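K.L.:
Sequences listed follow chains A and B, in order. Following my numbering, the residues of the first sequence are numbered contiguously, the last one being 1043. Following my numbering, the residues of the second sequence are numbered contiguously, the last one being 1043.
It is possible that some hints are incorrect.
Copies of the same chain look alike in the list, so a pair counts if it fits in one copy or across any two.
Stated by the list, open to error - Each computed PhoX-like pair below joins lysine-lysine, with the alpha-carbon atoms no more than 25 Å apart:
#1 Lys989 with Lys737
#2 Lys955 with Lys1036
#3 Lys710 with Lys897
#4 Lys710 with Lys730
By construction, these hints were calculated from the structure, which means they are not laboratory data. Everything numeric in this text was worked out from a predicted model, so none of it was measured.
What follows is the residue order along each chain.
2 protein chains.
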Amino acid sequence: MINTLEKIHYISDANITAPIGFHADGQHVGLKHKSKDLGWIFSEVPAAVAGVFTTNQVQAAPVQLNKQTIKNGQLQAIIVNSGNANAVTGKIGLTHAKIMQATAAEQLNIPPHLVGVASTGIIGQILPINKVVNGIQQLHVDGDAHGFAHAIMTTDTSEKAITIQSEIDGDLITMSGVAKGSGMIHPNMATMLGFITTDANISSTMLQQALSEDIDTSFNQITIDGDTSTNDMVLVLANGLASNTQIKAASAAYNQFKTMLHTVTTALAIAIANDGEGATKLITVTVSHANNALDARLIAKKVVGSSLVKTAMFGKDPNWGRIIAAIGAADVQIDPDIIDITINHFFVMKNGAPVTFDTTAMANSLSQKNIDIEINLHQGAASGQAWGSDLTYDYVKINALYTT
Amino acid sequence: MINTLEKIHYISDANITAPIGFHADGQHVGLKHKSKDLGWIFSEVPAAVAGVFTTNQVQAAPVQLNKQTIKNGQLQAIIVNSGNANAVTGKIGLTHAKIMQATAAEQLNIPPHLVGVASTGIIGQILPINKVVNGIQQLHVDGDAHGFAHAIMTTDTSEKAITIQSEIDGDLITMSGVAKGSGMIHPNMATMLGFITTDANISSTMLQQALSEDIDTSFNQITIDGDTSTNDMVLVLANGLASNTQIKAASAAYNQFKTMLHTVTTALAIAIANDGEGATKLITVTVSHANNALDARLIAKKVVGSSLVKTAMFGKDPNWGRIIAAIGAADVQIDPDIIDITINHFFVMKNGAPVTFDTTAMANSLSQKNIDIEINLHQGAASGQAWGSDLTYDYVKINALYTT
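With the hints as extra help, turn the sequences into a complete structure.
P.N.:
This is the structure:
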């Protein structure tokens, strides 16, 4: 998909409530020690919904519930808590998720089947449902939209949000996204929650198709630590209040919608990688001239997921041997003797052999926050990217001390 | 295979030269700053050989060379250097490996096709071949056998060796093994070198079969960091000087030989996991009641390879939610609702639900070096194990600073 960036306008005050008819709130209700831990998003009218969920076989209660709820193709609200994942909590977990759903529905005066539920936090502890129920009663429809972005955070250090605008068929469309997640981020979405709102008018079938097609090149291409969560989900609500002609099939309008969606999902995915637990670097791996896009993505993700590459980048060490070793370990047929590798645009390997580079200039370059690794396979015409963080003392610290 | 441990005797002075007719040496020749970096093993007569090699598509020059050399089924010597992997060094790398082979052959007065070559260390730097050639001329046939075990080490903190004896058909058989490897240890053998000597009389065909069958339950079940090396290999030399009737087919004698081999390979594999870079813990994961042994091994390895499980164990934190999340992310069909998990024999999860445990007793238990995680899938009758280390500040330190 060509990213028609010239038609996309970034709005500086990124806000999940920027699209017409959306409202949100986020509050502290006592699930976490001090910070905000409960929030909701509400649309004035039922919205078309699309969702993608973790591939982990162990699925948190809210994931199980949402998969059922969104089958009708509509949602009007999403209630989210942090501080507790409501995962691996036995049968009571699903009961708790349903109580969250019903309580939010009652408070918003809408049917429960229009309410999605999400949880994130520690696995295997029973959700303190009384705090959640009481907390929901403290939420407002016209509340603190930035508070929502904060209420879904766990070890995240910053709010992750984007708002863009573009035209579809001459109508102004607004799309916003918020996300959380900085650990257990791997293969398929991992402790990651993403919520996207738009006032575009699109059928739920085409919305789901757009999201499903997009995910493999955005959220599924980030990795922090190779662990896959029980709670991941991305939900998109499209409430149609921009009044464009409904997108019902593949078309120019659909392509423009997908471009907008990809802009939002990629920005959120990179924001998550950038805020990886303990990260000091954002590592972008670009694989070009692969036989196909899947090959390119697999190799990019293998490299960005290598603990040895990640520690090398933390150490500002251009140890490209670890990069080629990771390439060779990916499940993709390659010819090591024709591969070129650059780190921050310095060639380190050409035609499979070492290249001398300016070590001082390289060292300066590796002191920057952004590391670009480019791999030219010299096989075909396809390319792909993946994003990740370095592996640092602080990653170990954060994760050695998380529950206790 | 039933491990008939009662028939295996462990020899306290583990030594690669314990089997009849083997000699070894290890010296410092200047490839590393101070420590030993070149060594060889020599058998008085040509020995049957078996080998297994890295599955990485990027294969170091000595790996490429050995695959050719051992096709004749015999080796009489192995020359090994550390400090430089001779990997991704272009065409000159293979030339250098052949020079190592020829120089050692000349010095030992045997044909080059009876000499195996191995290298380990930094990837992508040209091997200083003059130092190697001069160094080979300093090696002795009756040299320092423990020196050999040290000469193959990189970031290893201790020599890894084992010697056992047992009887096959009434003849006393001795078998020894040495190994190195503490980083880039994953799926398939990873920066790991293993050399096993025995005076057993066995055909090279049966020797290869025994090794190939064994490797999936020993060396391939350890993981330190998920990275797969370009240089891994395990070579077994069986010189027949114990004069037992040659093992030529599946038989009681072959089974006993396999039991001996498994004792050696498992001990070396666990020693490697125990010495994982920066490790403070040896983590053993045992999966029982799986539908088949492969399923059990896959899950065991997924759990022991999880960065979040590894950091939790470093933090002495019984965060079993990360264990069940890793189980669910393995590519094996499971039923989360019937799984039991224990950590150091304390139940933490039963029938897929949390279990209350004595947190003080658990905390004391997690202060020990050895962590045992047991997972009962309640599906079938098969079991499997995997071994790994925790993920610590020192792992990051070692790998952030390795080349520079």
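K.L.:
If a hint holds in the structure, say so; if it doesn't, say that too.
P.N.:
Tested hints:
no.: 1; hint: Lys989 with Lys737; in the structure: between (57 Å within a copy, 24 Å between copies)
no.: 2; hint: Lys955 with Lys1036; in the structure: both (20 Å within a copy, 12 Å between copies)
no.: 3; hint: Lys710 with Lys897; in the structure: within (22 Å within a copy, 55 Å between copies)
no.: 4; hint: Lys710 with Lys730; in the structure: within (22 Å within a copy, 58 Å between copies)
Going down the numbered hints, you'll see the structure goes against none, and every one checks out.
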